[in-house]
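Protein chains in written order, with my numbering: chain A, 591 to 657; chain B, 314 to 647.
Check the hints yourself; a few may be wrong.
Stated by the list, open to error - Computed cross-link-like contacts, BS3-like style, restricted to lysine-lysine with a CA-CA straight-line distance of at most 27 Å:
| id | chain 1 | residue 1 | chain 2 | residue 2 |
| --- | --- | --- | --- | --- |
| 1 | B | K585 | B | K597 |
| 2 | B | K328 | A | K639 |
| 3 | B | K585 | B | K520 |
| 4 | B | K585 | A | K608 |
| 5 | B | K639 | B | K522 |
| 6 | B | K461 | B | K449 |
Claimed, not checked - Computed far set for chain A versus chain B, every beta-carbon distance over 10 Å:
| id | residue |
| --- | --- |
| 7 | C600 |
| 8 | V604 |
| 9 | K608 |
| 10 | A610 |
| 11 | Q616 |
| 12 | T617 |
| 13 | Q624 |
| 14 | Y634 |
| 15 | K639 |
| 16 | D641 |
| 17 | Q645 |
| 18 | E646 |
| 19 | Q650 |
| 20 | S654 |
| 21 | T656 |
| 22 | K657 |
What the hints contain is simulated information worked out from the structure, not anything from laboratory work.
Built from N, CA and C at the ideal position, the CB exists for glycine as well.
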Amino acid sequence: MEIDYRGLSCPEPVIRTKKAIKDNPQTVEVLVDQRAPLENVSRYLRAMKYDVSVQEESGQWRISATK
Amino acid sequence: MVKTSGCAAKLPPGKLHSVIDNLPLMKDDRLLEGFESADDALVYQVSGDIVCVQTVDFFPPMVDDPFIFGQVAAANALSDIYAMGGEPSVAMNLMCFPSCLDLDIMDRILRGGISKVKEAGAVIAGGHTIEDPTPKYGLCVTAFMDRKDVWSNKGAMPGDSVVLTKALGVGIINTAAKGGEASESSIAAAVDSMTRLNRHARDIARKYKVHAATDVTGFSLSGHSQECAAASGVTIEMDTASLPVLEGALELARFGLIPEGRYTNEDWLFGKICFAEGIPLEIKDLVLDPQTSGGLLLFMPPDDAEAYVSEMDMSCCRIVGRVTDKADKDVFFR
Chain A
591 MEIDYRGLSC
601 PEPVIRTKKA
611 IKDNPQTVEV
621 LVDQRAPLEN
631 VSRYLRAMKY
641 DVSVQEESGQ
651 WRISATK
Chain B
314 MVKTSGCAAK
324 LPPGKLHSVI
334 DNLPLMKDDR
344 LLEGFESADD
354 ALVYQVSGDI
364 VCVQTVDFFP
374 PMVDDPFIFG
384 QVAAANALSD
394 IYAMGGEPSV
404 AMNLMCFPSC
414 LDLDIMDRIL
424 RGGISKVKEA
434 GAVIAGGHTI
444 EDPTPKYGLC
454 VTAFMDRKDV
464 WSNKGAMPGD
474 SVVLTKALGV
484 GIINTAAKGG
494 EASESSIAAA
504 VDSMTRLNRH
514 ARDIARKYKV
524 HAATDVTGFS
534 LSGHSQECAA
544 ASGVTIEMDT
554 ASLPVLEGAL
564 ELARFGLIPE
574 GRYTNEDWLF
584 GKICFAEGIP
594 LEIKDLVLDP
604 QTSGGLLLFM
614 PPDDAEAYVS
624 EMDMSCCRIV
634 GRVTDKADKD
644 VFFR
């Protein structure tokens, strides 16, 4: 599952991530373009027991989370 | 939904200074505190020892209830006067209001403001309203006092205790509330804190020795402490275990419900503050969290600080650190 949160401000990306993982998917990929959503979505996914890794791609970040 | 709200809507200091530092400095022998001192309000000599202390503060809503928003915005604007040790005399409204919204909402905001100005013992003398897509409200507040009674942000002395009079975490709870994630009791605690005037905290503190003072708002506990430390030429050591925290704030931070201002505060404070090893991430969130209508931060001799905290008798009013000789960082959290 890949979700695009570019252009969204906090807390919107975290709230949308919460909805997106409601069915407990094994993997999630999230695209963000600001530091606050990058940190906050990563924090949320870690708190939900996902392993999180981040890749920077020309001014935006791809957050990959797996269970 | 507004992007940022309350004091979190402040322009980051780095951006602000890139503009104002290049402006021509206006000098006047009677202007005792102005632009360059980063204090909470200006101080202008009126006559002899009598000075006028003046401040202006306004922001977009951080709560849905317009009356409460008015109360918070007014309490926040009045606080700059309390942080200077003064008593507000006269205030003016500043209002931005969308043409599409019901005028009853504007009425409720202004009534909220009036209720707090009344509680402060001051009077509203007028104001100015313009149409704007995002509502914003605040006050310009003026006080008159003896110049020797003014608390500046630059008198903190090594050996002083640091007192904070309100709990932290308002920005985190407001962010979570926007997403429907904060509990009723957390929201109630945040609203109670934001609408509470710093009047009582100031009145009691007037009985004791205060070397320096400020209030904690959008630049967070870290940012406002750093400004005091830099202005006073000292270092502040904060004891994170003593910090008063609003119910639920740390838990919400663990789940990433954190305002953007926490990260901009961290960016502009880079190199100026530091944390002891092992300080949990959510404690860093707390001390970088932009506060709206936060508490007073008072620098007092240790005996005065202890007596003050005991007289205040509120669990949110605590000694949270001490002042040391200047070290390589302005603020150290341990």
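Inset, instruction - Enumerate the violated hints, using their earlier numbering and listing them in ascending order. - result: As far as the earlier hints go, 2, 3, 4, 6, 7, 8, 9, 13, 14 are violated by this structure, in ascending order.
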